[in-house]
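Engineer: First residue of the sequence shown? That's 15 in our numbering, and the numbers climb one at a time after it.
Hints are computed from structural coordinates only; laboratory data are not their basis. Every residue gets a Cβ at the ideal spot worked out from N, C-alpha and C, and that includes glycine. One or more of the hints may lead you astray.
[To be verified] Quick list of in silico lysine to aspartate or glutamate cross-link-like pairs, EDC-like style, CA-CA up to 20 angstroms: (1) LYS55 x GLU90; (2) LYS338 x GLU440; (3) LYS456 x GLU439; (4) LYS465 x ASP402; (5) LYS363 x GLU439; (6) LYS465 x GLU449; (7) LYS338 x GLU291; (8) LYS363 x ASP316; (9) LYS456 x ASP402; (10) LYS354 x GLU291; (11) LYS363 x GLU373; (12) LYS456 x GLU440; (13) LYS363 x GLU449; (14) LYS377 x GLU430; (15) LYS338 x ASP402; (16) LYS377 x GLU313; (17) LYS363 x GLU313.
[As the list claims (entries may be wrong)] Label-pair distances were calculated between CB atoms; the ranges are: (18) GLU352 x ILE64: 18 to 26 angstroms; (19) GLY415 x LEU318: 56 to 64 angstroms; (20) GLU57 x HIS309: 24 to 32 angstroms; (21) GLU378 x ASP402: 38 to 46 angstroms; (22) LYS338 x VAL287: 52 to 60 angstroms; (23) HIS309 x LYS244: 57 to 65 angstroms; (24) VAL287 x GLN331: 37 to 45 angstroms; (25) SER248 x LEU75: 30 to 38 angstroms; (26) GLN470 x THR310: 51 to 59 angstroms.
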Amino acid sequence: MPIPRLPPPLRFLERVRKMQEEERQQARSNPFLAQALEKEKIEGHRLAIIARTVALGLVGLLLPFLNFSPSVLYYEATLLLFIALGWLQLRMASVGYSKAELLLIFADVGLLTLLFTTPNPFFSQNIPTAFMYRFDNFIYFFMFLALGTLAYSYRTVWAMGTWVALLWLIGLGGVSWLGQTIPGLSEAASIAFEGHPLIREEMDPNSIQAGVRVQEILVFLIVAGILALKGWRSNQLVMRQANIAAERANLSRYFPSSLVDVLAATDRDIGAVRTQEVAVLFTDIVGFTQFAEQHTPEEVMDLLRHYHAFVERSIFQNGGTLDKYLGDGVMATFGTPETKPGDAANALKAAMQLIEETESFNKELETRGITPISVSIGVHFGPVILGDIGPSRRLEFAVVGDTVNVASRLEASTRELGCRCVVSEELIRQAARSEGKDHPEKAFSARDPIKLRGRQNSINVWTV
Numbered sequence: 015m016p017i018p019r020l021p022p023p024l025r026f027l028e029r030v031r032k033m034q035e036e037e038r039q040q041a042r043s044n045p046f047l048a049q050a051l052e053k054e055k056i057e058g059h060r061l062a063i064i065a066r067t068v069a070l071g072l073v074g075l076l077l078p079f080l081n082f083s084p085s086v087l088y089y090e091a092t093l094l095l096f097i098a099l100g101w102l103q104l105r106m107a108s109v110g111y112s113k114a115e116l117l118l119i120f121a122d123v124g125l126l127t128l129l130f131t132t133p134n135p136f137f138s139q140n141i142p143t144a145f146m147y148r149f150d151n152f153i154y155f156f157m158f159l160a161l162g163t164l165a166y167s168y169r170t171v172w173a174m175g176t177w178v179a180l181l182w183l184i185g186l187g188g189v190s191w192l193g194q195t196i197p198g199l200s201e202a203a204s205i206a207f208e209g210h211p212l213i214r215e216e217m218d219p220n221s222i223q224a225g226v227r228v229q230e231i232l233v234f235l236i237v238a239g240i241l242a243l244k245g246w247r248s249n250q251l252v253m254r255q256a257n258i259a260a261e262r263a264n265l266s267r268y269f270p271s272s273l274v275d276v277l278a279a280t281d282r283d284i285g286a287v288r289t290q291e292v293a294v295l296f297t298d299i300v301g302f303t304q305f306a307e308q309h310t311p312e313e314v315m316d317l318l319r320h321y322h323a324f325v326e327r328s329i330f331q332n333g334g335t336l337d338k339y340l341g342d343g344v345m346a347t348f349g350t351p352e353t354k355p356g357d358a359a360n361a362l363k364a365a366m367q368l369i370e371e372t373e374s375f376n377k378e379l380e381t382r383g384i385t386p387i388s389v390s391i392g393v394h395f396g397p398v399i400l401g402d403i404g405p406s407r408r409l410e411f412a413v414v415g416d417t418v419n420v421a422s423r424l425e426a427s428t429r430e431l432g433c434r435c436v437v438s439e440e441l442i443r444q445a446a447r448s449e450g451k452d453h454p455e456k457a458f459s460a461r462d463p464i465k466l467r468g469r470q471n472s473i474n475v476w477t478v
C-alpha cells in the first residue's frame, strides 16, 4: 500500500525541520561552524542593538514635531522601554533555540501592537480608536523587522513576520469590536460626502479601513519572507565558509600555510593517483624506547610535543609536507602534492635545520636536567606513487613506492654508520643541479656504498 504524501504546507514544514536538524548536527560536529555562528550571532546582535538605539532616538526627536503636546511624553517613555528591551535581548542572546530571547522578541512586537491599538491615556481630545489606529503607524514594524535581520536567524525573522501579522489581526478585531466610536462623526461624514461613498469611507473617523489593514499584513508577510530567504542564503554562506575553514585547518596540519592557500584555490584533484619525483625524509629519535622507560609519561609526552614542533617547523619552513607521524618518528615529503625545482635542495636544508634545532633543544634539556636526545635522518629522491588510498569512508592521501622504502632504510642506517643524517647520492645530485652547482652541500661527505636491507644493489650515500 503506497504511503500517502503530506500536503504541501506540511511537506514544507518537514523540510524546514530537517534543515534545522542538519544545521545543528553540523554545528556539533564542526567546531569552526559553531564558532562562526556564535561570532556572527553576537556581532550581528550588537550591531542591531546599536542601530536600534540610534533609530529609536531619532524617532524620539521626531515625535515632538509631529505631536507637540504633553501626551507625547507617553510615546517617549515607550521608546525608552523599547531601548531597554533591546539591550536586554543582547544580554540574553545565544546561539540556537532560546525561549527567553523569543519571549523578548514577542514582547517587542506585542508592545508595539498594544501601543498602536489602544488610546494614549494622556491625550486630552476625545477621538475614535479607529482614527488613531489607522495613522500609518504600521510602518514602524518594518523598522523592527529590518533590525531583526541583523540579529536573528532567518527562522526568527519569519517568526517575527507571522507574529506581527497575527497580532495586527487581533488588534484589528479588538479595535473593531471594543474600540471607542463617536457615531456623530460618521453621520457628519455621510452628510458632507453624500454621493461619494469612497471618499466618505476614507474620511469617516470611525472607519477601520479593514482592506488597508489586510494589505499591510500581506505586504509585511511578503517582506518578512524575502528577508528570511536572504537570511537563509547568508546562513548557508557562513556554513560553507566554516566548512572551508575546517578543511584549511586540516590541510595546515600537513602543508605549510603558503601551500594551503594554493591548494584551497585550485580545482585539481590532489587525491588522484599519479607518479612524480619527490624527496622523502624520515627522522626518528634514537633510543626513544630507553628514554621512555627512564622518564615519567608527562616528560615523555612533553619531549614528543617539543620534538614534533621543531620537526614540523623545519619541514614547513623549507616547503615540505608533513606526511605522517610514526610515534617518535616523522615522514615528510618535498614535492607533494605539486613538484617544484628546488624540492631536493629544500629537503637537504630541512635535514640541516633539524640537526640545528636538535642541538638547540638539547641545550634546553640540559638546563632542565633531562638527558639530551639524538635524532637520525634519512633522505632520498626518486619516483613515488601518490594519491588517495583506503575505503571510501577512510580515504587517506598517501605516498608509497621504492623511494619511500629507501629513505626509511637510510634513516635506520645512521646507527651503523655512526652519523646523524644519511642521504642518497641521487638526492645530492638533484639538489646541486637545481641550484646550479657542480658540487654537493659542504656539510655532507661521501661514504662508501652501503647495502640496504631488502635490496640487492648497493647505494652511494653522503652523511653528516
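Engineer: With reference to the structure, classify each hint as holding or not holding.
Structural biologist: Hint by hint, here is what the structure shows:
1. LYS55 x GLU90: violated, 29 angstroms
2. LYS338 x GLU440: Distance ~24 angstroms between LYS338 and GLU440 Cα, so the pair is violated.
3. LYS456 x GLU439: holds, 14 angstroms
4. LYS465 x ASP402: violated, 32 angstroms
5. LYS363 x GLU439: Given pair LYS363, GLU439 holds - Cα atoms ~15 angstroms apart, limit 20 angstroms.
6. LYS465 x GLU449: Status violated; Cα separation ~29 angstroms.
7. LYS338 x GLU291: This hinted pair holds, its Cα atoms lying about 19 angstroms apart.
8. LYS363 x ASP316: With a Cα-Cα distance of about 26 angstroms, the restraint between LYS363 and ASP316 is violated, given a limit of 20 angstroms.
9. LYS456 x ASP402: With a Cα-Cα distance of about 38 angstroms, the restraint between LYS456 and ASP402 is violated, given a limit of 20 angstroms.
10. LYS354 x GLU291: holds, 10 angstroms
11. LYS363 x GLU373: Judged against 20 angstroms, a Cα distance of about 16 angstroms means the pair holds.
12. LYS456 x GLU440: Between LYS456 and GLU440 the Cα gap is close to 16 angstroms, so the pair holds against 20 angstroms.
13. LYS363 x GLU449: This hinted pair holds, its Cα atoms lying about 12 angstroms apart.
14. LYS377 x GLU430: violated, 26 angstroms
15. LYS338 x ASP402: holds, 14 angstroms
16. LYS377 x GLU313: holds, 16 angstroms
17. LYS363 x GLU313: violated, 29 angstroms
18. GLU352 x ILE64: 18 to 26 angstroms: violated, 47 angstroms
19. GLY415 x LEU318: 56 to 64 angstroms: violated, 28 angstroms
20. GLU57 x HIS309: 24 to 32 angstroms: For HIS309 against GLU57, whose Cβ atoms are near 47 angstroms apart, the range 24 to 32 angstroms is violated.
21. GLU378 x ASP402: 38 to 46 angstroms: Given range 38 to 46 angstroms: holds, Cβ gap about 39 angstroms.
22. LYS338 x VAL287: 52 to 60 angstroms: violated, 18 angstroms
23. HIS309 x LYS244: 57 to 65 angstroms: holds, 59 angstroms
24. VAL287 x GLN331: 37 to 45 angstroms: Because 29 angstroms falls outside the window, the suggested range is violated.
25. SER248 x LEU75: 30 to 38 angstroms: holds, 32 angstroms
26. GLN470 x THR310: 51 to 59 angstroms: Violated: the Cβ-Cβ distance is about 45 angstroms, outside 51 to 59 angstroms.
Consistency with the previously given hints fails for numbers 1, 2, 4, 6, 8, 9, 14, 17, 18, 19, 20, 22, 24, 26, ordered from lowest to highest.
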